[in-house]
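Visitor: Residue-level listing of the chains:
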Amino acid sequence: MKFHRCIALFTRHMYLYKRSIPRLLEVFYWPLLDLLVWGFITIYFAQFREKLPGFVTYFIGALILWDILFRSQQGISVSFLEDVWSRNLLNLFASPLNPAEYIFSLMVVSVAKLVIVATVMATLAWILYSFNIFLIGISLIPFILNLIVMGWAIGIMTTALILRFGQEAEVLAWAVGILFMPVSAVFYPVSVLPSFLRALARLVPASYVFEGMREVVAAGKFPLSDLLRSSGLNAAYILFALLFFNWIFKMVRQKGLLVKIGE
Amino acid sequence: MNGTVIEVNRLTKLFKSLRAVDDVSFKIYQGEILGLLGPNGAGKTTIIHMLLGLTTPTSGEIKIFGLNLKKDRKKIIQDVNFSSSYVSMPLSLTVKESLRVFARLYGVRDKEKRITELLKIFEIEGIKGRTVRQISSGHQTRLNLAKALINNPKVLFLDEPTASLDPDIADKTRSLLKSIKKDRNISILYTSHNMKEMEEMSDRIIFLHRGKIIAEGKPEELIRSFKRKNLEEVFLKVAREEKE
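Chains as they are written, first to last, in the numbering used here: chain A, 1 to 263; chain B, 1001 to 1244.
If you're looking for bench data, these hints aren't it; they were derived computationally from the structure. Positions of the beta carbon are idealized from the N, C-alpha and C atoms, including for glycine. Any given hint could turn out to be false.
Footprint (simulated), chain A over chain B, 3 or more residues, beta carbon under 8 Å [said to hold, decoys possible]:
{"id": "1", "region": "1026–1038"}
{"id": "2", "region": "1067–1078"}
{"id": "3", "region": "1105–1116"}
{"id": "4", "region": "1221–1235"}
Please put together the full structure from these sequences, using the hints given.
Guide: Here's what the structure looks like:
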């Protein structure tokens, strides 16, 4: 892995964010809209706070954390699509850049993007709803890292599928992340799910993150077992995603599909 | 002519039952421009993609600088570059920013000096601050060529490089490519549908038809062997025979 090539690709995306309105909307507009709509719903439901303590923290906190996962995934798959839309993919892969450097660079891009998104959302939540996400405590950090890694795994898998099935599959860049939402226990506990979805939720790292966050808020305890389960699953998924991408990359070179998506 | 730079042995590419490239062998020598000629679907672009490692051959061997492309692609590709009229630079970046990105990718030393040099050579200094999306297709082609030379390559693959240029700029580009080839002794693999351009540019031409080499030689030799007046007539004969 050569660092200068990763910097090159990272710089390419930072140049893009500097002047692309659609990409800036992704960073500011959608998170702001999410926060406004769901924030006001939260305020409305907050009148029942005696029955459900910590409701505001659950809801707005969950919203910000979900956005971290979603943006982390999009940081990979939409950045890849950016090169497809620009017809620039072949220029990149005809250079000494290898697939591992490409994926690593997109991971860094996704972190940069979600740092901005999370800062914007946390600041707005504080201004609009006097909600301070950092009150949840330092325990949030390892959970956030887990959400980022899960976002990467989904993003890498999605990118591999778009490489394989072409631009017609680009809708996956937005759809696949959302697919995990019902079984991630973002706004409700896993226990409300029917048994078959509960079993599925146990395989989703984000479900442990959101359950863990609720435990921190409700009981003030650090749920180590949730963190370990989430980390274990994520380690397996990210490894699988990288191997899957590598396999698909070889396959699209054999089938001549890399040049088709790149032109 | 100097030593062999590219050696292709029995290269074949199958896409399911279609033989896109069929048992093709050729060499490119140092400082030579080899033209790949043939109707659409003859296999020209597939050969370039295989030489860049973007498409994996079904069988056969590619050696560049004496190294096997399959094993040593990393080493080889550092001294190779390409330009295609079907591939673009990042649309939302400025001309200068996009060259900066590729200078970093190829690990070019003294990036800014090299970029300034290329902007001057291709006469695109005046648009260096404009985004790729905003510039004309002629300027985009020149930018692609500037990118192709960013790493001072020893081998250049040019897939229809003058396709969207007006006659004046196309002529300037050809002169420029010839002078670069002469000054730096680089080897160029060239494809174009402009037969006059192929005659003018190529030291040697390989004529492809349905993935196979059907003729090979200097432009004037090809014209003689097909008993035609020029390369365009040779091309038309082959292309029309295919339709019949």
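Visitor: Each hint should be assessed against the structure and marked as holding or not.
Guide: How the hints compare with the structure:
1. Figure legend: the region 1026–1038 of chain B, annotated as covered by chain A; annotation inconsistent (0 residues with Cβ-Cβ distances under 8 Å, at least 3 required).
2. Against chain A, the region 1067–1078 of chain B contributes 3 residues with a C-beta closer than 8 Å to a partner C-beta. That satisfies the three-residue criterion, and the hint holds.
3. As drawn, the region 1105–1116 of chain B meets chain A at 3 residues by the rule of a beta-carbon pair under 8 Å; at three or more, the given contact holds.
4. For the region 1221–1235 of chain B, the stated coverage by chain A is violated: 0 residues have a C-beta nearer than 8 Å to a C-beta of that chain, whereas at least 3 were required.
When held up to the earlier numbered hints, the structure conflicts with 1, 4 and fits the remainder.
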